[in-house]
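Visitor: Sequence:
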Amino acid sequence: MSTVFTNANIFDGIKDEIAKDAWFLVDDDGKISETGTGAAPTASATVDLNGQYVMPGLINAHTHVSLDPNTHDGDGFADIVTVTVRSVEHLRQLLKSGVTYVRGCGSSYGVDRTLAKLQREGKLEKVPQIMPSGAPMTMSGGHGILFHGGNVTDSPDEMRKQVRENFADGAQCTKVMATGGVMSINDNMVQPQLKIPEIAVAVEETHSKGSIVAAHAEANPGIMNALKAKVDSIEHGDYLTDEEIQMMVDQGTYLTPTLLVVQSMVDHSDELPDWEAQKNAEVKEAGFRNFRKAYKAGVKLTLGTDAGCPFTNFDETPKEFEIMVDQLGMTNFDALSSSHNSATLMKLGEYGELAAGKYADFLVLKDNPLADVKAVQQEDKQVYQAGQRQF
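Residue numbers (full-length UniProt numbering): 1 to 391.
Heads up, some of the hints might be wrong.
[To be verified] When the alpha-carbon atoms are kept at most 27 Å apart in a straight line, the in silico DSSO-like pairs for lysine-lysine are as follows:
{"hint": "1", "residue 1": "20", "residue 2": "31"}
{"hint": "2", "residue 1": "381", "residue 2": "96"}
{"hint": "3", "residue 1": "296", "residue 2": "209"}
{"hint": "4", "residue 1": "15", "residue 2": "228"}
{"hint": "5", "residue 1": "347", "residue 2": "31"}
{"hint": "6", "residue 1": "284", "residue 2": "15"}
{"hint": "7", "residue 1": "374", "residue 2": "20"}
{"hint": "8", "residue 1": "117", "residue 2": "31"}
{"hint": "9", "residue 1": "381", "residue 2": "123"}
{"hint": "10", "residue 1": "96", "residue 2": "296"}
{"hint": "11", "residue 1": "347", "residue 2": "228"}
{"hint": "12", "residue 1": "366", "residue 2": "20"}
{"hint": "13", "residue 1": "123", "residue 2": "230"}
{"hint": "14", "residue 1": "209", "residue 2": "123"}
{"hint": "15", "residue 1": "228", "residue 2": "293"}
{"hint": "16", "residue 1": "31", "residue 2": "161"}
{"hint": "17", "residue 1": "374", "residue 2": "15"}
{"hint": "18", "residue 1": "296", "residue 2": "284"}
{"hint": "19", "residue 1": "374", "residue 2": "126"}
{"hint": "20", "residue 1": "123", "residue 2": "96"}
{"hint": "21", "residue 1": "195", "residue 2": "209"}
{"hint": "22", "residue 1": "230", "residue 2": "293"}
{"hint": "23", "residue 1": "126", "residue 2": "296"}
{"hint": "24", "residue 1": "117", "residue 2": "228"}
{"hint": "25", "residue 1": "230", "residue 2": "209"}
{"hint": "26", "residue 1": "381", "residue 2": "366"}
{"hint": "27", "residue 1": "366", "residue 2": "347"}
{"hint": "28", "residue 1": "296", "residue 2": "347"}
{"hint": "29", "residue 1": "126", "residue 2": "381"}
{"hint": "30", "residue 1": "161", "residue 2": "123"}
{"hint": "31", "residue 1": "126", "residue 2": "161"}
{"hint": "32", "residue 1": "15", "residue 2": "31"}
{"hint": "33", "residue 1": "296", "residue 2": "366"}
{"hint": "34", "residue 1": "96", "residue 2": "161"}
{"hint": "35", "residue 1": "117", "residue 2": "195"}
{"hint": "36", "residue 1": "15", "residue 2": "209"}
{"hint": "37", "residue 1": "228", "residue 2": "209"}
{"hint": "38", "residue 1": "347", "residue 2": "117"}
Because the hints were derived from the structure by calculation, they are not lab data.
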């Protein structure tokens with residue numbers, strides 16, 4: 001059964017323009033087969049979108065569905081039943097907010113691997129599609145212990161085994177901890193954690209499976225270590241140097257700046273331990289300055305919020321666009337394009353844009369997102385996956 005969606009103003013995710021009086025035809029496989037303007041073709045069913053704005057579903061490349069954002073440490077050591085129940089609720093919040101695909105960047109007990117399997121089998125409904133990483137790869141006592149201990153590895157050989165076992169258990173990408181972080185009290189961001197030989201093995205093993213490696217890397221020398229190991233994306237990257245920015249441009253390394261978590265923790269600093277609030281304040285000052293430089297230099301920024309970390313809720317992904325525009329000076333189009341960059345990073349060739357041959361994952365909005373990125377924050381937006389309305 002085919003469905004034609006008519007009377008739409010379409011932002012396809014690729015061009016900085018709106019196609020007016022547009023239509024698109026979705027076949028029973030959930031993919032778009034045709035698009036156009038003017039008179040629409042005949043189909044088994046017709047949905048009149050009444051002149052509203054349509055854009056691709058959002059792809060959030062940095063989430064932690066197992067964590068509790070109402071705590072200062074994510075409560076990553078909660079029991080597995082608690083972690084699983086709240087993970088499902090968080091996934092549904094993501095989808096309702098407009099996120100139709102997520103990359104896990106670390107989950108307690110590796111629960112995102114099982115949740116992704118259940119979603120693919122049709123046993124978990126009204127959630128985004130999931131690219132799970134399982135628990136992150138971390139050194140003994142490293143930043144990844146926030147995720148029920150993480151996958152502890154202290155040598156290249158241990159890393160090779162951990163990555164292989166993680167994929168065998170259902171992971172589809174790898175997360176490595178190259179530095180300490182804001183949320184862990186016993187480390188700091190200038191102390192490197194996993195080293196180049198260890199990260200390089202993670203890259204080798206993950207790339208051999210056709211997948212990608214994300215590196216938690218906030219300061220140096222950890223950022224440089226991750227870049228020398230040829231990871232696919234730098235997560236956070238607050239203390240990027242000019243040399244590293246140029247390396248990222250040359251190597252095609254993506255940057256996920258996770259602006260929302262930094263701003264959310266600033267806004268709730270009085271609810272954080274003093275040490276955590278101070279770390280985050282320093283990160284914002286350096287990070288937002290360096291992200292502006294990276295954007296102007298041509299580094300590809302992806303959409304990722306660090307949802308699950310302190311006061312970074314799962315229904316707030318669209319706010320990342322607003323911060324990109326207001327704080328980094330990005331154009332509305334470039335900010336929105338960060339979602340398509342996430343699709344490219346994650347090798348999702350059939351997602352992230354509205355065109356023939358792509359899955360019909362899309363949002364229906366009252367206002368034009370290219371004119372005002374806050375339009376995506378609409379609470380009662382319509383959310384579709386594979387041409388089927390979910391919310």
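Visitor: All the hints need checking, so say for each whether the structure fits it.
Guide: Checked hints:
1. 20 - 31: holds, 21 Å
2. 381 - 96: holds, 8 Å
3. 296 - 209: violated, 33 Å
4. 15 - 228: Violated. Residue 15 to residue 228 sits at ~34 Å, over the 27 Å cutoff.
5. 347 - 31: Since the Cα atoms of residue 347 and residue 31 sit roughly 17 Å apart, the hinted pair holds (cutoff 27 Å).
6. 284 - 15: The hint is violated at about 31 Å.
7. 374 - 20: Given pair residue 374, residue 20 holds - Cα atoms ~20 Å apart, limit 27 Å.
8. 117 - 31: Measuring from Cα to Cα gives roughly 21 Å; hence the hint holds.
9. 381 - 123: Holds, at about 25 Å.
10. 96 - 296: violated, 32 Å
11. 347 - 228: Within the cut-off at roughly 22 Å; holds.
12. 366 - 20: Given that 27 Å is the threshold and the Cα spacing comes to 14 Å, the pair holds.
13. 123 - 230: violated, 36 Å
14. 209 - 123: Answer holds: residue 209 to residue 123 is near 26 Å, not above 27 Å.
15. 228 - 293: Distance ~21 Å between residue 228 and residue 293 Cα, so the pair holds.
16. 31 - 161: Violated: residue 31 and residue 161 sit about 38 Å apart, past 27 Å.
17. 374 - 15: holds, 19 Å
18. 296 - 284: holds, 18 Å
19. 374 - 126: holds, 24 Å
20. 123 - 96: holds, 18 Å
21. 195 - 209: holds, 22 Å
22. 230 - 293: holds, 21 Å
23. 126 - 296: violated, 38 Å
24. 117 - 228: violated, 33 Å
25. 230 - 209: holds, 15 Å
26. 381 - 366: holds, 8 Å
27. 366 - 347: Answer violated: residue 366 to residue 347 is near 30 Å, above 27 Å.
28. 296 - 347: Roughly 24 Å between the alpha carbons, so the hint for residue 296 and residue 347 holds.
29. 126 - 381: holds, 15 Å
30. 161 - 123: Violated, at roughly 30 Å.
31. 126 - 161: violated, 34 Å
32. 15 - 31: holds, 20 Å
33. 296 - 366: Since the Cα atoms of residue 296 and residue 366 sit roughly 31 Å apart, the hinted pair is violated (cutoff 27 Å).
34. 96 - 161: With Cα atoms ~37 Å apart, residue 96 and residue 161 exceed 27 Å; violated.
35. 117 - 195: This hinted pair is violated, its Cα atoms lying about 32 Å apart.
36. 15 - 209: Measuring from Cα to Cα gives roughly 32 Å; hence the hint is violated.
37. 228 - 209: OK: residue 228 and residue 209 at ~20 Å, within 27 Å.
38. 347 - 117: holds, 19 Å
Checked against the numbered hints listed earlier, the structure breaks hints 3, 4, 6, 10, 13, 16, 23, 24, 27, 30, 31, 33, 34, 35 and 36; every other hint is satisfied.
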